[in-house]
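Chain A is fixed; fit chain B onto it per the hints.
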Amino acid sequence: MPVRYRVVHRTEYQYAAEVSASYSQLRMLPRDAPRQRCISAGVVVDPRPDHQREHVDYFGNRVEHVAIQHRHRRLHLTTSSVVEVDEAAGALPLLGDRSWEEVRDSVGVVPGPDAVAAVHFALDSALVRSGPDFAAYAQPSFTPGRSIVEAVCELTSRIHADFEFAPGETKTDTTPEEALKERHGVCQDFAHVGVACLRSLGLPARYVSGYMETDPPPGREKLVGADVSHAWFSVLMPGAGWLDVDPTNDQVVGGRYIVTAYGRDYQDIAPVSGVIYTRGYTKSLRVTVDVTALPAGAA
Amino acid sequence: MLTPSASYRAPPERYDEMLGGDGRPRAHWEHLSGAINALGVDELLRRRAEAERVMEQDGAVYNAYGASARPGQPWRLDVLPAVLSSREWQGIESAVAERAELLGLVLEDLYGPRDLLRRGLLPPEVVFGHDGFLLACDGIRLPGERQLFCVGTDLGRDGSGRWVVIADRAQSPSGFGYALQNRTVVSRVLPSLVRDAGVHRLAPFFRTLRGALRDIAPPGVEDPRVVVLTPGPWNETAFEHAVLSSTLGYPLVEGSDLIAKGDGLWMRSLGALEPVHVVLRRVDGGWCDPLELRRDSQLGVPGLVEATRRGTVSVVNTLGSSILENPALMRFLPAIGRHLLGREPELPCVESWWCGLPAERAHVLERLDQLVLRPITAAAGSKSLFGAQLSQLELEDLRRRIEHRPSAWVAQDPVTLSSVPTLTDAGLLPRRCVLRTFAVAAAGSYAVMPGGLTRVAPDANGGGRISNQEGALSKDTWVLTSEPEREALSFSGPALASLDPMGGLSARAAENLWWLGRYAERAEAVTRLLRVMHDQRSELLGSGGDAGKRALATLGTALGAVTGAASAVPPDTGVLQRTLLVDDHLPGSVAHAVRAMLDAAYGVRDQLSSDTWLVVGSLDRQLLRLRTGGNGGGALSLSDAEARETLQRLMQGLLALGGLGEESMVRDLGWRFLDGGRRLERCLQVIALLRATLARTDGAAADPLVLEAVVASTESIIIYRRRYRAHAQVPDALELLLLDPGNPRSLAFGLDRLTRDLGALPARSDGRLRKDQQLVLRATTALALADHVALAVPDEDGERSGLAALLDELHDLLSRAADALEREQFVHRLPQQNLEGS
Numbered sequence: 001m002p003v004r005y006r007v008v009h010r011t012e013y014q015y016a017a018e019v020s021a022s023y024s025q026l027r028m029l030p031r032d033a034p035r036q037r038c039i040s041a042g043v044v045v046d047p048r049p050d051h052q053r054e055h056v057d058y059f060g061n062r063v064e065h066v067a068i069q070h071r072h073r074r075l076h077l078t079t080s081s082v083v084e085v086d087e088a089a090g091a092l093p094l095l096g097d098r099s100w101e102e103v104r105d106s107v108g109v110v111p112g113p114d115a116v117a118a119v120h121f122a123l124d125s126a127l128v129r130s131g132p133d134f135a136a137y138a139q140p141s142f143t144p145g146r147s148i149v150e151a152v153c154e155l156t157s158r159i160h161a162d163f164e165f166a167p168g169e170t171k172t173d174t175t176p177e178e179a180l181k182e183r184h185g186v187c188q189d190f191a192h193v194g195v196a197c198l199r200s201l202g203l204p205a206r207y208v209s210g211y212m213e214t215d216p217p218p219g220r221e222k223l224v225g226a227d228v229s230h231a232w233f234s235v236l237m238p239g240a241g242w243l244d245v246d247p248t249n250d251q252v253v254g255g256r257y258i259v260t261a262y263g264r265d266y267q268d269i270a271p272v273s274g275v276i277y278t279r280g281y282t283k284s285l286r287v288t289v290d291v292t293a294l295p296a297g298a299a
Numbered sequence: 001m002l003t004p005s006a007s008y009r010a011p012p013e014r015y016d017e018m019l020g021g022d023g024r025p026r027a028h029w030e031h032l033s034g035a036i037n038a039l040g041v042d043e044l045l046r047r048r049a050e051a052e053r054v055m056e057q058d059g060a061v062y063n064a065y066g067a068s069a070r071p072g073q074p075w076r077l078d079v080l081p082a083v084l085s086s087r088e089w090q091g092i093e094s095a096v097a098e099r100a101e102l103l104g105l106v107l108e109d110l111y112g113p114r115d116l117l118r119r120g121l122l123p124p125e126v127v128f129g130h131d132g133f134l135l136a137c138d139g140i141r142l143p144g145e146r147q148l149f150c151v152g153t154d155l156g157r158d159g160s161g162r163w164v165v166i167a168d169r170a171q172s173p174s175g176f177g178y179a180l181q182n183r184t185v186v187s188r189v190l191p192s193l194v195r196d197a198g199v200h201r202l203a204p205f206f207r208t209l210r211g212a213l214r215d216i217a218p219p220g221v222e223d224p225r226v227v228v229l230t231p232g233p234w235n236e237t238a239f240e241h242a243v244l245s246s247t248l249g250y251p252l253v254e255g256s257d258l259i260a261k262g263d264g265l266w267m268r269s270l271g272a273l274e275p276v277h278v279v280l281r282r283v284d285g286g287w288c289d290p291l292e293l294r295r296d297s298q299l300g301v302p303g304l305v306e307a308t309r310r311g312t313v314s315v316v317n318t319l320g321s322s323i324l325e326n327p328a329l330m331r332f333l334p335a336i337g338r339h340l341l342g343r344e345p346e347l348p349c350v351e352s353w354w355c356g357l358p359a360e361r362a363h364v365l366e367r368l369d370q371l372v373l374r375p376i377t378a379a380a381g382s383k384s385l386f387g388a389q390l391s392q393l394e395l396e397d398l399r400r401r402i403e404h405r406p407s408a409w410v411a412q413d414p415v416t417l418s419s420v421p422t423l424t425d426a427g428l429l430p431r432r433c434v435l436r437t438f439a440v441a442a443a444g445s446y447a448v449m450p451g452g453l454t455r456v457a458p459d460a461n462g463g464g465r466i467s468n469q470e471g472a473l474s475k476d477t478w479v480l481t482s483e484p485e486r487e488a489l490s491f492s493g494p495a496l497a498s499l500d501p502m503g504g505l506s507a508r509a510a511e512n513l514w515w516l517g518r519y520a521e522r523a524e525a526v527t528r529l530l531r532v533m534h535d536q537r538s539e540l541l542g543s544g545g546d547a548g549k550r551a552l553a554t555l556g557t558a559l560g561a562v563t564g565a566a567s568a569v570p571p572d573t574g575v576l577q578r579t580l581l582v583d584d585h586l587p588g589s590v591a592h593a594v595r596a597m598l599d600a601a602y603g604v605r606d607q608l609s610s611d612t613w614l615v616v617g618s619l620d621r622q623l624l625r626l627r628t629g630g631n632g633g634g635a636l637s638l639s640d641a642e643a644r645e646t647l648q649r650l651m652q653g654l655l656a657l658g659g660l661g662e663e664s665m666v667r668d669l670g671w672r673f674l675d676g677g678r679r680l681e682r683c684l685q686v687i688a689l690l691r692a693t694l695a696r697t698d699g700a701a702a703d704p705l706v707l708e709a710v711v712a713s714t715e716s717i718i719i720y721r722r723r724y725r726a727h728a729q730v731p732d733a734l735e736l737l738l739l740d741p742g743n744p745r746s747l748a749f750g751l752d753r754l755t756r757d758l759g760a761l762p763a764r765s766d767g768r769l770r771k772d773q774q775l776v777l778r779a780t781t782a783l784a785l786a787d788h789v790a791l792a793v794p795d796e797d798g799e800r801s802g803l804a805a806l807l808d809e810l811h812d813l814l815s816r817a818a819d820a821l822e823r824e825q826f827v828h829r830l831p832q833q834n835l836e837g838s
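Which chain is which? The protein sequence lines are A and B, in order. Okay, so the first sequence: first residue is 1 according to the UniProt record's numbering, each after it adds one. Okay, so the second sequence: first residue is 1 according to the UniProt record's numbering, each after it adds one.
Chain A extracted, bound-state conformation (with noise of 0.2 Å):
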């Protein structure tokens, strides 16, 4: 039964001083994924854009290219959406299940409509290089002649279990490397350590960023702006899709999650990049999101 979502998500810079042109990338708006359609999603700037236009990128997702070119001192961005999710697609793919090596195996040798994205998702990228201390790492895991969905979850399941979740230890450029020494970070670190592992071991991997519905402790309300936007990994399985897990949550990616993109690590999905000129910094920046289920039959 597909459930629909709204999805607000609201990001505010106050600039130290003022700004006398801005240029940006937003990459905010859900894309249309195997179990996910999206209604209708549209994204507000305050102040308003001299220049507003969305195009599709190389990897699919939908971006939003947004100059401002007049003065201001801060910067809202509001985008709302809404997203029907279909939580029995959500199942493990078994059919494509097999063993890892024969995975790893067929990158670059094996055609199929999966053949390049094989080879481009096992490659390095910006800010995820594969190393033996990820392959060391994964390697418990990986256990000869194993299923590759046993094993990719059992890797989720240990980065869950060894990485403590600490919010503001990290940044946004954190590596992959250093979180893997200090082994804690937030869901960025996490999915950036899984994408790592897997490359290490040849296997093609990528970065999603988007959301998760979330509930609220027992007996209280949810409050407004609780939820956040999130981030985790997937691994592609050649002829049989992707299998998206959750190393946040220790959880194969199901109904109560909405894509906004896929890339190979963070760099090429942040939700927003760009440059202003400015002679101050970016003195506070806030971020909301509420992830809603609708009723049914409501828009």
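The reader is advised that the hints may include incorrect statements.
Where chain B lies over chain A, by a calculated footprint (3+ residues, C-beta under 8 Å) [stated by the list, open to error]:
| id | region |
| --- | --- |
| 1 | 22-30 |
| 2 | 43-53 |
| 3 | 64-70 |
| 4 | 112-125 |
| 5 | 270-282 |
Quick caveat, the hints were computed from the structure, so don't treat them as lab data. Ideal Cβ positions, reconstructed from N, Cα and C, are used throughout, including at glycine.
Quick look at chain B alone, frame taken from chain A:
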């Protein structure tokens, strides 16, 4: 005695360009070989020296990476050309065009369907592992069929004399402009040789290039505007960027001159934005847009990729074109050619192996010490490695690097390369050479420059690479004509009539010209004052007595006031003078002003005539001498005579520059800024000088001495003596320096010129005077109302308070006028920062 050609010995292991297997000149070299013999080595060396002078005059330099000291390395030319027969060239030409065609198809596929990857004709690792493959540019196309606008291909001969491709340059191939410069210089120093040999001219190629750039504009644009985008004056090939800009007649711009606005791209021109439709870029693709490409780039234009995505601007080569420089591509190109063209390309590539394939990796690792190893992407940070030149240890290290990431490495067979007679101090010697050809998409196919740029190894050593970074020489490259060409003899550049004299000036260029004028004048004023003090010092101290000492003290104060450096240096006037001459970190010093002036000049290289470069280059060298100290003992140890000599030489350069500005520049918008800056600065200098010297009296004995120095340092002494004959009087000096409309150094003259210059700048839309014009008008009025006789009368304290008040008022008005103009006309871009993600 043997003639140069007769004593030339070609090495037996190579194909020699000039000598055939029988040791005799090949047919197409006979003419040149005969001419070389007729001239003799001594004469050729003389011509070489002449060529070096011409290169220097034209400011032809190649800035080696990381070299901070200017001037750059002179562009190195061997005056003896490389010669290709008409017949051989025809083969090269069609093969080079075919290769460009094929590379263009590959480019189109990689940023489109990527069919080559899907079909296994090109391994995806080769594409995705190369930093030139820009995901952001996926799907972006140029209008028209051909997606590769221009390409340079490096060719070398193998042992049998067959040409093979060593590398392709598809980012923004350099060398076009240097090839043209080589031809220009050789034509000047060996004119009859070029004329009699029957050489294909380069001009038609540049005309084709010029038209091709207009033709690549987005469809529907009637009168496309083209710009040449440069990283700036310190780029290693900045000279060439300026040559291209002036040869093609398209403005040279930096990233900060452009702005993406609305759907389109614009140039920040004076007070307005002018549309830009085509960008010939000399900035590497990844650096062109900090929004979508390298975030740390200060050389780009945020929104440029988006503008190309919208199809409102054509950037050539396309931003992702450097993927074609990937050396691994060579390994797969024959098969790709069979697939796309139905045949293997005519030009063979150097034999290559891609280490991503296990069998080829094994082959490479076995022969590591015989191959050339190239990382597929420049991001890996290493150049080609010649196995034969590596130690055992280095080979082991290389082996580990390859095994660690095999798909990142390509190996090539070293190419033997041909030898070509090259002029050295010891006569003609054989040197290895490579030829870079250039092809441009034009009129439904590719036009190939006849010849290209031949580069020659600097010495006889080894088999390493030949590059300008490593001191290679270059040669003009002749393609002999089979029949006389019909076109006119010389390329006169774009028709002037087609260029809008008031258009095409970026705000940055205007700003540079303005400061060029201001700093040139400032340097001149301080130099004059220093020279006068230098000349009169001993006289004032010797025969002047007390009055002389007082006069000297007043002049010392004036020097401090005029330069604004009074508090920064010791009171001893000797040290002050030295410091004010040589310390280029001290604002107000001559060296500082000349340095700032040269920086401004290098920023508008394309705007200045070649004669100007002669002067700029010489000033640059003077400054270098100053900094290092002419006598090697450090700058401050200059002897009096050396200081005087330096001042004199600087003055000559500055005067020549002023004269060129007056006589050799079209009175266009750029000139208005240059002249306006000069006039305004001169007014400010005269005001400051008078304020520091004549606003009070030093007594009847000292006054005439000061007066004489003041008049001398404003270059008005001759007219002053002729006109007034009698002893110097303050009212006369004031009339001469403030009010005389015929004296080019007077305030009245300067304000008049300034008014005219400002009046020629773009007017306000409502027709009212701009702020800067209003302020200059107020200054002109205040000056016109002044009574020089009354101003000259001191009060009982010895102060000329009326004069002081007038000068202060004028100084204030003009400074504010300058501020207003600089604020309104020039671009003030705030620092670029990254917008942090959430």
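Hint check against the structure, violated hint numbers in rising order:
Violated hints: none; all satisfied.
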